[in-house]
Amino acid sequence: QKEVEQDPGPLSVPEGAIVSLNCTYSNSAFQYFMWYRQYSRKGPELLMYTYSSGNKEDGRFTAQVDKSSKYISLFIRDSQPSDSATYLCAMSDRNFNKFYFGSGTKLNVKP
Amino acid sequence: DSGVTQTPKHLITATGQRVTLRCSPRSGDLSVYWYQQSLDQGLQFLIQYYNGEERAKGNILERFSAQQFPDLHSELNLSSLELGDSVLYFCASSVGDRLYNYGYTFGSGTRLTVV
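So the protein lines, in turn, are chains A and B. Everything in the first sequence is counted per this note's numbering, starting at 1 for the first residue and increasing by one. Everything in the second sequence is counted per this note's numbering, starting at 112 for the first residue and increasing by one.
To be clear, the hints were calculated from the coordinates, so they are not data collected in a lab. It cannot be assumed that every hint is accurate.
Derived DSSO-like pairs: lysine-lysine, alpha-carbon spacing no greater than 27 angstroms straight-line [said to hold, decoys possible]:
#  : chain 1 : residue 1 : chain 2 : residue 2
1  : A       : K2        : A       : K98
2  : A       : K98       : B       : K168
3  : A       : K70       : A       : K98
4  : A       : K56       : A       : K2
5  : A       : K56       : B       : K120
6  : A       : K70       : B       : K168
7  : A       : K67       : A       : K106
8  : A       : K42       : B       : K168
9  : A       : K67       : A       : K42
10 : A       : K110      : A       : K98
11 : A       : K67       : A       : K110
12 : B       : K120      : A       : K42
13 : B       : K168      : A       : K2
14 : A       : K70       : A       : K106
15 : A       : K98       : A       : K42
16 : A       : K2        : A       : K110
17 : B       : K120      : A       : K106
18 : A       : K67       : A       : K56
19 : A       : K2        : A       : K67
20 : A       : K42       : A       : K110
21 : A       : K42       : A       : K56
Model the full structure from these sequences, guided by the hints.
The following block contains the structure:
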């Protein structure tokens with residue numbers, strides 16, 4: 001079993017839709033949770049990060065962590081074609097010894 | 112431009128050969144991390160160097176090795192190449208030894224094709 005599971009998609013939505021991207025994990029030691037966005041032919045770039053449980057909002061993006069269910073989500077409101085990319089979740093224990101990445105969900109926002 | 116420079120962008124070579132991938136970290140960053148990315152496995156951590164010393168090792172094969180030089184650039188050496196090594200290799204850098212800034216800065220990657 002992988003440490004982090006993520007639905008690979010692809011996920012296709014119309015412009016303006018609310019998008020929900022999710023990851024599950026098995027290691028209860030994970031404390032830090034991150035979302036990366038990767039455009040085609042580019043390296044991943046950090047989008048958002050959260051510590052422990054709860055929500056964090058940044059513009060159109062909201063990251064949510066439910067440690068009791070070992071489940072994290074990224075919500076994108078009013079999705080735009082420029083949001084079309086692969087979204088990877090990543091997580092680490094409190095010592096940041098290593099990051100564990102999900103395999104990524106490919107999102108396509110149609111104009 | 113993320114500030115992390117990887118060369119070459121593309122590399123085509125034959126099975127059994129050896130190649131070297133190069134990474135220059137962002138200015139001021141002391142840690143360099145190497146990852147490989149494939150469609151089925153996603154991003155897999157290979158190895159980390161901090162200020163010239165190996166700090167952490169992931170799923171790096173014995174045929175692969177890396178080093179970080181005094182000017183902080185790093186090289187990933189892949190030898191006895193197999194078809195399955197045809198994936199994307201990413202380098203990332205961060206300021207410190209641990210990732211208290213919550214994330215790395217990734218380069219644009221090197222796509223290796225072994226034929």
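Against the structure, the hints come out as follows:
no.: 1; hint: A:K2 - A:K98; result: 15 angstroms, holds
no.: 2; hint: A:K98 - B:K168; result: 9 angstroms, holds
no.: 3; hint: A:K70 - A:K98; result: 18 angstroms, holds
no.: 4; hint: A:K56 - A:K2; result: 26 angstroms, holds
no.: 5; hint: A:K56 - B:K120; result: 35 angstroms, violated
no.: 6; hint: A:K70 - B:K168; result: 26 angstroms, holds
no.: 7; hint: A:K67 - A:K106; result: 24 angstroms, holds
no.: 8; hint: A:K42 - B:K168; result: 24 angstroms, holds
no.: 9; hint: A:K67 - A:K42; result: 31 angstroms, violated
no.: 10; hint: A:K110 - A:K98; result: 35 angstroms, violated
no.: 11; hint: A:K67 - A:K110; result: 33 angstroms, violated
no.: 12; hint: B:K120 - A:K42; result: 11 angstroms, holds
no.: 13; hint: B:K168 - A:K2; result: 18 angstroms, holds
no.: 14; hint: A:K70 - A:K106; result: 22 angstroms, holds
no.: 15; hint: A:K98 - A:K42; result: 22 angstroms, holds
no.: 16; hint: A:K2 - A:K110; result: 31 angstroms, violated
no.: 17; hint: B:K120 - A:K106; result: 22 angstroms, holds
no.: 18; hint: A:K67 - A:K56; result: 14 angstroms, holds
no.: 19; hint: A:K2 - A:K67; result: 17 angstroms, holds
no.: 20; hint: A:K42 - A:K110; result: 21 angstroms, holds
no.: 21; hint: A:K42 - A:K56; result: 26 angstroms, holds
Hints 5, 9, 10, 11, 16, counting from the list given before, are not met by this structure.
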